[in-house]
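2 protein chains.
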Amino acid sequence: MPAGSRKLLIIDDDSIVRHNVVAYLEDSGFDILEADEGAQGLDLFHSQHPDVVLTDLRMPTKDGLQVLEEVHQCSPDTPVIVMSGVGVIGDVVRALRLGASDFLIKPLVDMEVLVHAVNKSLERRDLLAQNQRYREELESANSELKDHLRTLERDQEAGRRVQQQLLPPSPFRRGAYCLEHKVIPSLFLSGDFIDLAFRSERFLSFYLTDVAGHGASSAFATIWLKHAAAEIVRDWSLFAEDSRVEEDFNRWLFEINRQLLETRLGSHMTCFVGVVDLELNRLHYAVAGHLPLPVMIHERKAQFLEGKGRPLGLFPNQEWPQFEADFPPGASLLIFSDGILEVMPPTDLLEKEEFLLKLLSNSQGGMKNVYDALQLDAIQEAPDDIAILSIVRET
Amino acid sequence: MPAGSRKLLIIDDDSIVRHNVVAYLEDSGFDILEADEGAQGLDLFHSQHPDVVLTDLRMPTKDGLQVLEEVHQCSPDTPVIVMSGVGVIGDVVRALRLGASDFLIKPLVDMEVLVHAVNKSLERRDLLAQNQRYREELESANSELKDHLRTLERDQEAGRRVQQQLLPPSPFRRGAYCLEHKVIPSLFLSGDFIDLAFRSERFLSFYLTDVAGHGASSAFATIWLKHAAAEIVRDWSLFAEDSRVEEDFNRWLFEINRQLLETRLGSHMTCFVGVVDLELNRLHYAVAGHLPLPVMIHERKAQFLEGKGRPLGLFPNQEWPQFEADFPPGASLLIFSDGILEVMPPTDLLEKEEFLLKLLSNSQGGMKNVYDALQLDAIQEAPDDIAILSIVRET
Numbered sequence: 001m002p003a004g005s006r007k008l009l010i011i012d013d014d015s016i017v018r019h020n021v022v023a024y025l026e027d028s029g030f031d032i033l034e035a036d037e038g039a040q041g042l043d044l045f046h047s048q049h050p051d052v053v054l055t056d057l058r059m060p061t062k063d064g065l066q067v068l069e070e071v072h073q074c075s076p077d078t079p080v081i082v083m084s085g086v087g088v089i090g091d092v093v094r095a096l097r098l099g100a101s102d103f104l105i106k107p108l109v110d111m112e113v114l115v116h117a118v119n120k121s122l123e124r125r126d127l128l129a130q131n132q133r134y135r136e137e138l139e140s141a142n143s144e145l146k147d148h149l150r151t152l153e154r155d156q157e158a159g160r161r162v163q164q165q166l167l168p169p170s171p172f173r174r175g176a177y178c179l180e181h182k183v184i185p186s187l188f189l190s191g192d193f194i195d196l197a198f199r200s201e202r203f204l205s206f207y208l209t210d211v212a213g214h215g216a217s218s219a220f221a222t223i224w225l226k227h228a229a230a231e232i233v234r235d236w237s238l239f240a241e242d243s244r245v246e247e248d249f250n251r252w253l254f255e256i257n258r259q260l261l262e263t264r265l266g267s268h269m270t271c272f273v274g275v276v277d278l279e280l281n282r283l284h285y286a287v288a289g290h291l292p293l294p295v296m297i298h299e300r301k302a303q304f305l306e307g308k309g310r311p312l313g314l315f316p317n318q319e320w321p322q323f324e325a326d327f328p329p330g331a332s333l334l335i336f337s338d339g340i341l342e343v344m345p346p347t348d349l350l351e352k353e354e355f356l357l358k359l360l361s362n363s364q365g366g367m368k369n370v371y372d373a374l375q376l377d378a379i380q381e382a383p384d385d386i387a388i389l390s391i392v393r394e395t
Numbered sequence: 001m002p003a004g005s006r007k008l009l010i011i012d013d014d015s016i017v018r019h020n021v022v023a024y025l026e027d028s029g030f031d032i033l034e035a036d037e038g039a040q041g042l043d044l045f046h047s048q049h050p051d052v053v054l055t056d057l058r059m060p061t062k063d064g065l066q067v068l069e070e071v072h073q074c075s076p077d078t079p080v081i082v083m084s085g086v087g088v089i090g091d092v093v094r095a096l097r098l099g100a101s102d103f104l105i106k107p108l109v110d111m112e113v114l115v116h117a118v119n120k121s122l123e124r125r126d127l128l129a130q131n132q133r134y135r136e137e138l139e140s141a142n143s144e145l146k147d148h149l150r151t152l153e154r155d156q157e158a159g160r161r162v163q164q165q166l167l168p169p170s171p172f173r174r175g176a177y178c179l180e181h182k183v184i185p186s187l188f189l190s191g192d193f194i195d196l197a198f199r200s201e202r203f204l205s206f207y208l209t210d211v212a213g214h215g216a217s218s219a220f221a222t223i224w225l226k227h228a229a230a231e232i233v234r235d236w237s238l239f240a241e242d243s244r245v246e247e248d249f250n251r252w253l254f255e256i257n258r259q260l261l262e263t264r265l266g267s268h269m270t271c272f273v274g275v276v277d278l279e280l281n282r283l284h285y286a287v288a289g290h291l292p293l294p295v296m297i298h299e300r301k302a303q304f305l306e307g308k309g310r311p312l313g314l315f316p317n318q319e320w321p322q323f324e325a326d327f328p329p330g331a332s333l334l335i336f337s338d339g340i341l342e343v344m345p346p347t348d349l350l351e352k353e354e355f356l357l358k359l360l361s362n363s364q365g366g367m368k369n370v371y372d373a374l375q376l377d378a379i380q381e382a383p384d385d386i387a388i389l390s391i392v393r394e395t
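Read top to bottom, the protein sequences are chains C and X.
Using this note's numbering, you'd call the opening residue of the first sequence number 1 and step up by one each time.
Using this note's numbering, you'd call the opening residue of the second sequence number 1 and step up by one each time.
Fair warning: there could be bad hints in the mix.
No distinction is drawn between identical chains; accordingly, a pair holds when it is met within one copy or between any pair of copies.
As the list claims (entries may be wrong) - Pairs of lysine-lysine residues, derived as BS3-like cross-links and limited to a Cα-Cα distance of at most 30 Å, are as follows:
1. K352 / K7
2. K62 / K182
3. K120 / K62
4. K301 / K62
5. K120 / K106
Worth flagging that the hints you see were computed from the coordinates, not collected in a lab.
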């Protein structure tokens with residue numbers, strides 16, 4: 001605040017001193033009120049609310065200490081500077097004890113000292129007021145933050161329950177195949193999701209998706225995907241008995257990608273989608289940026305499937321090549337979200353994948369064995385959701 | 001901070017003054033460093049980092065002003081109090097201009113004045129530091145709040161899009177009946193939702209729900225409801241061709257209520273659910289705390305349906321009575337969420353409902369006419385979502 005807007009009240013019965021002080025402070029840009037004795041000064045104080053009071057200590061009738069006491073009682077934050085003759089330092093000490101913000105010894109040899117005292121008193125008052133404001137704003141911001149966190153927690157909790165509700169039945173059997181899934185939740189709601197893409201007499205299809213990011217919006221994106229995926233199969237009559245699987249595959253991913261970009265959900269996702277031809281026991285699949293690649297375990301040998309393709313929701317007009325693999329009797333296919341890599345001890349990505357493969361080679365496949373092999377029961381709190389989909393051809 | 005932990009550096013070549021000052025300040029609980037000339041004082045300053053420096057101004061070799069300048073250059077926040085003889089006020093003024101925090105005139109008649117000066121300087125430094133801390137915390141809290149708001153906005157946006165995606169087709173025709181719906185969104189994501197509960201040859205069923213509260217959790221609750229509602233119909237084989245509608249009704253609401261309480265979604269909701277018997281042209285319905293009651297318009301007469309029942313998700317083991325009404329040819333049934341009442345001009349609830357009825361009496365029913373009658377096109381920003389479901393029996 002510029003000095004000009006500050007109002008000072010000068011109380012001194014010595015008119016020469018008072019006039020000098022007033023003249024100098026007016027020149028320095030302050031608005032000045034003046035009184036030649038305590039009672040009049042206090043009247044001005046009550047009616048004009050000055051920012052600082054300068055008062056002589058020794059005055060007839062009401063003296064400076066009385067002025068100081070009344071001002072402080074009425075407005076504890078208003079600085080009071082006392083002025084005293086050089087011989088009466090005892091008065092000054094009493095005034096300081098009573099809360100005077102500063103003192104000046106008369107005669108005032110240099111008026112700059114006076115202005116310095118006034119400015120310091122104002123600065124202190126301003127600092128205290130600013131502190132108070134900051135503290136209040138901080139309290140209010142913190143309480144708002146707490147509210148937000150409560151809201152986020154409630155949203156998370158609701159999102160988690162709905163995500164759970166939307167997962168397909170597990171285990172789910174169709175012919176010789178058994179599907180099981182499991183999602184190990186992390187503390188923070190995420191976008192891992194598993195579903196059966198569709199069911200027909202001849203084809204059994206499933207996908208595992210991992211929406212980038214966390215929170216309610218990721219959960220909404222998985223819900224969106226579940227419905228969009230089913231609608232696309234219906235609207236385009238995909239995967240009917242006489243379908244050309246490889247074309248339908250691409251159509252399905254193409255449409256999801258197109259709609260995802262169109263809906264502006266602001267999410268992108270990786271996806272592994274597989275279709276088992278129950279007549280020919282062939283696995284058709286496509287990989288939309290999904291990592292790690294699924295693992296096929298057969299006769300105690302674990303291998304990553306090959307395949308690649310871009311994630312969904314980032315690039316328009318993509319195509320997704322279709323890959324195929326045999327699904328021999330007793331084989332087990334395991335699809336993981338990338339959360340699984342975070343609980344593999346090595347730090348390097350390739351080493352993590354090798355480690356995973358090694359652990360799985362020692363298992364016989366199937367959800368239970370994989371759980372044991374990867375010691376997933378021991379995970380207290382996953383850093384990221386871990387979604388696992390297991391498909392076993394039993395005979 | 002207690003005075004005892006504050007370190008003061010006293011620099012004065014006058015050993016008597018210095019000893020007096022040191023003795024008094026030590027008695028007052030300060031830790032004291034002392035030097036008898038400027039250079040030594042500055043060495044101590046650099047090595048010991050005192051909280052306050054008290055320096056005489058006139059000293060041989062390095063004087064007090066030089067000490068002041070070097071201290072301020074090196075540590076602008078360290079208060080420097082200068083001491084000066086009574087005759088050399090010009091030195092004091094120079095020191096104040098150079099940033100001395102206070103001054104003392106020697107001889108120091110009362111040491112309490114000295115302690116007061118030290119404490120004031122420390123207080124100012126502490127206030128500045130505290131202000132700085134508050135400001136930083138406030139900035140960080142505000143930036144965190146901004147992040148939260150961005151997250152909430154993103155969640156809202158995603159929730160809104162998914163809610164839209166999950167609405168049933170509109171218009172939707174079945175026999176002589178045409179269903180249309182509309183949701184006028186408010187700024188803040190809400191829990192208004194409309195769906196076809198199930199479709200069978202004989203029955204056409206629909207519901208309109210309003211989840212209490214706002215935000216992502218309300219949207220999740222509507223998604224939960226959509227899936228739970230369909231599952232319950234499937235699991236309990238409700239509303240088959242030979243069903244006893246009134247029993248199925250109660251079972252449906254009973255199960256939704258039970259599961260809603262069980263899932264601990266933390267949401268409760270109102271719901272109007274209706275079933276049109278397409279053979280008998282009868283409307284069966286139940287009211288779960290829903291307000292306003294639906295309006296049947298027939299031959300330019302608008303009437304609220306009768307009915308009552310408790311909301312879902314609050315009380316266990318509830319029953320919902322089934323109500324029935326004729327659905328004559330040309331009649332139009334309108335179901336609103338309570339957001340509609342907020343855009344009715346009267347302030348009183350009953351008057352709002354009467355007002356709504358009066359506006360609707362002048363319309364012929366059907367979504368388009370209702371929109372015109374209620375001037376819903378003019379709504380720029382609804383204070384709450386307004387969901388409207390219209391069912392017209394055309395012949």
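Taking the hints in turn, this is what the structure says about them:
no. : hint        : result
1   : K352 / K7   : neither (72 Å within a copy, 56 Å between copies)
2   : K62 / K182  : neither (85 Å within a copy, 78 Å between copies)
3   : K120 / K62  : both (26 Å within a copy, 28 Å between copies)
4   : K301 / K62  : neither (102 Å within a copy, 84 Å between copies)
5   : K120 / K106 : both (19 Å within a copy, 21 Å between copies)
When the structure is compared with the earlier hints, violations turn up for hints 1, 2, 4 and for no others.
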